[in-house]
Amino acid sequence: MNQQKILQIHSSNLTHEKILPFLENGWPQYNWQNISDTGKIATSTNMSMGRIGDNVFPFRTDAIDSCNIKPPKYDSSFTKTFADVTDEQCQQWLKEKTDRPWLVFWSGGIDSTVIVASILKNSTTAERENIYVACNRASIYELPRFFYNHVQPNFKLIPTPDTAQHSLDEYHVIDGEFADQLYSSGIGWELLRLYPNSLTSDLRQDPDLLLNQLASQTNKNFATWYYELILANINSADIPVNTYHDFYWWLFFNYHYTDVYLRLRKKTVTNDYSPRWFATNDYQQWAMNNNQIGTKYTLNLGDTKLASKQYIYDFDHDEYCRIFKIKSKSKLLFYKLTLDKEFCTLDDFSKLYVDRDLDRIMELLPDYILD
Amino acid sequence: MQDFKYFTYGYSPDLRNSIYGLYQPVLNCFLIVFPDYDSVGPQLATILSSRYVLQPVQLDTADNYIHNIIDNEICELWTISNLDEILPNEIMTSVNVLLADQLIPTTPNRSIQIEKEKQWAQFCLFWLRFIRSECQSGATGLWIDNQIGNLDIFNVFEPVLFPNYREFVTKTMSLLYLGQDLEKTEQAIFDLVNSTDDFLPYRFNKFLKDYK
Chain A
0 MNQQKILQIH SSNLTHEKIL PFLENGWPQY NWQNISDTGK IATSTNMSMG
50 RIGDNVFPFR TDAIDSCNIK PPKYDSSFTK TFADVTDEQC QQWLKEKTDR
100 PWLVFWSGGI DSTVIVASIL KNSTTAEREN IYVACNRASI YELPRFFYNH
150 VQPNFKLIPT PDTAQHSLDE YHVIDGEFAD QLYSSGIGWE LLRLYPNSLT
200 SDLRQDPDLL LNQLASQTNK NFATWYYELI LANINSADIP VNTYHDFYWW
250 LFFNYHYTDV YLRLRKKTVT NDYSPRWFAT NDYQQWAMNN NQIGTKYTLN
300 LGDTKLASKQ YIYDFDHDEY CRIFKIKSKS KLLFYKLTLD KEFCTLDDFS
350 KLYVDRDLDR IMELLPDYIL D
Chain B
0 MQDFKYFTYG YSPDLRNSIY GLYQPVLNCF LIVFPDYDSV GPQLATILSS
50 RYVLQPVQLD TADNYIHNII DNEICELWTI SNLDEILPNE IMTSVNVLLA
100 DQLIPTTPNR SIQIEKEKQW AQFCLFWLRF IRSECQSGAT GLWIDNQIGN
150 LDIFNVFEPV LFPNYREFVT KTMSLLYLGQ DLEKTEQAIF DLVNSTDDFL
200 PYRFNKFLKD YK
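Quick mapping for you: the protein sequence lines, in order, are chains A and B. The letter at position 86 of the first sequence is residue 85 when you use numbering that gives the first Met the number 0, and the numbering goes up by one with no holes. The letter at position 177 of the second sequence is residue 176 when you use numbering that gives the first Met the number 0, and the numbering goes up by one with no holes.
In isolation and in its complexed conformation, chain A is listed as follows (with noise of 0.2 Å):
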């Protein structure tokens, strides 16, 4: 029990009104207020650990090591494609996970539809009699003529509530979790929305719109403060950073991926048979080499994901998909309301709740905390 350690803070409990007054008396040289804050810039999560550059905030990064998610190191001279690593990684694994049958999550989104079409691309009618596409009806809403065409005919399906009542350790289970990691979302595009052509502004040079972005989220104080702190983590890392969108894609690719594996670990969907499509070293590289505009995105709406979108309309040839497909934001809702409960991740990734755990949390909190 005393071994336990502190992994990972779920930042908007830091101003719980138990939690505040001790962060404040045992460490004053903190922003706790804004600290708690940056989880308002990340949607629903955590953004306080970052896998690459400086350690910008007070918290042991232990998770980053302990969780084996610390990136491939930045090699500029990486040429392969979306499409190059997609069918690779595809190929690879046909060959390689053989063992169990695969089971993947198919939600009707981009980054699973990108999953399903390398399958159906890359696989024999045989391999595919040991693959199996979990869906439902919201799946298809999402995409219907891709299920109709190319899903249903191909692959055994399971109902996704059903797939409850299966054993997932006998499957490989895949989905296309950390995709989002590889591009940028959230209020990335709202800001390009809104104003379209400021997503290649420089991030350095005309910082302006940005930190009102980033104020309309919580308040100028900590727009800058957060700016600030953000842009010498990224000063730190020797990775080319430089347009709103780079920085954006950055807060996701560097901060988010401890907070989505530690999500996943928490899931009752995944198993320890759960290769990480897009989690791979070759799709991380891919996404430090391609952040220029035409790639992964345009000053369209609809072109945000490009390479994912022009993968899946190589195989399809489906222009509606193509042109209007956007991002659904119904996964980040629900863990918003689970996530939202809890105060922090254990290294055993149980969970600790300030209502129930409090004296616990006093206990690990200070070793967690750097000064």
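For the record, the hints were derived by calculation from the structure and aren't laboratory data. Be careful, since some hints might not be right.
[Claimed, not checked] As a list, the in silico DSS-like pairs of lysine-lysine whose alpha-carbon atoms are at most 27 Å apart:
id : chain 1 : residue 1 : chain 2 : residue 2
1  : A       : K155      : B       : K170
2  : B       : K115      : B       : K183
3  : A       : K326      : B       : K208
4  : A       : K94       : A       : K69
5  : B       : K208      : B       : K4
[As the list claims (entries may be wrong)] Listed below are several chain A residues computed to face chain B (Cβ distance under 10 Å; list not exhaustive):
id : residue
6  : S76
7  : F77
8  : D86
9  : L142
10 : R144
11 : L300
12 : G301
13 : D302
14 : Y319
15 : I322
16 : F323
17 : K324
18 : I325
19 : I368
20 : D370
[Unchecked claim] Every beta carbon over 10 Å from chain A, so not counted as near; a handful from chain B, in silico:
id : residue
21 : P12
22 : I103
23 : T184
Glycine included, every Cβ here is placed at the ideal spot set by N, Cα and C.
Based on these hints, arrange chain B on the given structure of chain A.
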């Protein structure tokens, strides 16, 4: 556009009636306007959702709204001022009608064939109205494999179809939902009209004649 067989201007002769539009976030414009949102609006947005998300907007609440300021000839040249109230990635999970603050002129992206999409929307609206008027009601979701999931966004019609038109309606809905080519879809629906019973072709011809 006026020459299109299924074209209507989109406003009611009765000026007291409200007017609604379906706004497409990627194009940043309206693809269709019509007055009878309560009877066919949610169904139309749902049918078209196989192509793109659409936000229903009540247009006559705009400060600068006057009769004829927007109709189906020119709806792609208008957007609204309160775009920040639209969350494109949440439209699928919401059925709220947004109230327009102000109508703003816009220039749509011409690389996309908006005229073609406008015609498709008008075409779908026509058939929804036809089903509503001549087959009593619809059951948009019946054709979907309801063995999986329990999402009810399609079950918006009361299931009170004339029994002999049930198959016609469900197959028509399916054609509209999954169709891409207007002429092929139209022909497939005509085939259904002609094969259902002797009265439906008559009902169709009369409905089309009175439509505009």
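Here's how the hints hold up against the structure:
1. Straight-line distance between C-alpha atoms of A:K155 and B:K170 comes to about 25 Å, which keeps the hinted pair within the 27 Å bound.
2. For the given pair, B:K115 sits about 14 Å from B:K183 by alpha-carbon distance, which is consistent with the 27 Å threshold.
3. Straight-line distance between C-alpha atoms of A:K326 and B:K208 comes to about 42 Å, which puts the hinted pair past the 27 Å bound.
4. Restraint check for A:K94 and A:K69: the C-alpha separation of about 26 Å stays at or below 27 Å, so the hint holds.
5. Distance restraint check for B:K208 and B:K4: the Cα-Cα separation of roughly 10 Å lies within the 27 Å cut-off, and the hinted pair is therefore satisfied.
6. For A:S76, the interface hint is violated, the least distance from its beta-carbon to any beta-carbon of chain B being 34 Å, above 10 Å.
7. Nearest Cβ of chain B to the Cβ of A:F77: about 30 Å, over the 10 Å cut. The hint is violated.
8. Interface hint status for A:D86: violated, as the beta-carbon distance to the closest one in chain B is roughly 27 Å, over 10 Å.
9. Satisfaction of the interface hint for A:L142 is found here, the shortest Cβ-Cβ separation to chain B being roughly 8 Å, below the 10 Å cut-off.
10. A distance limit of 10 Å between C-beta atoms decides the matter here; for A:R144 the minimum to chain B is near 6 Å, and the interface restraint holds.
11. For A:L300, the interface hint holds, since its Cβ comes within 10 Å of a Cβ in chain B; the closest pair sits about 5 Å apart.
12. Interface hint at A:G301: satisfied, since its Cβ lies 4 Å from the closest Cβ of chain B, which is below the 10 Å cut-off.
13. At its closest, the beta carbon of A:D302 sits 9 Å from a beta carbon of chain B; the interface hint therefore holds under the 10 Å criterion.
14. With a cut of 10 Å, the hint placing A:Y319 at the interface with chain B holds, because the nearest CB-to-CB distance is about 4 Å.
15. A hinted interface residue such as A:I322 counts as satisfied when its beta carbon comes closer than 10 Å to some beta carbon of chain B; here the least separation is about 6 Å, so the hint holds.
16. For A:F323, the shortest C-beta to C-beta distance to chain B is roughly 4 Å, which falls under 10 Å, so the interface hint holds.
17. At its closest, the beta carbon of A:K324 sits 8 Å from a beta carbon of chain B; the interface hint therefore holds under the 10 Å criterion.
18. Checking A:I325 against chain B by beta carbon gives a least distance of about 5 Å; that is within 10 Å, so the hint holds.
19. Restraint check, A:I368 versus chain B: the minimum CB separation of about 35 Å is more than 10 Å; hint violated.
20. Taking 10 Å as the C-beta contact cut-off toward chain B, the hint placing A:D370 at the interface is violated, the least distance being around 41 Å.
21. The Cβ of B:P12 sits about 33 Å from the closest Cβ of chain A, beyond the 10 Å cut-off, so the non-interface label holds.
22. Every beta carbon of chain A lies more than 10 Å from that of B:I103, the smallest distance being close to 13 Å; the non-interface claim holds.
23. Every Cβ of chain A is farther than 10 Å from the Cβ of B:T184; the closest lies at roughly 13 Å, confirming the non-interface assignment.
Violated hints, in rising order: 3, 6, 7, 8, 19 and 20; the structure is consistent with all others.
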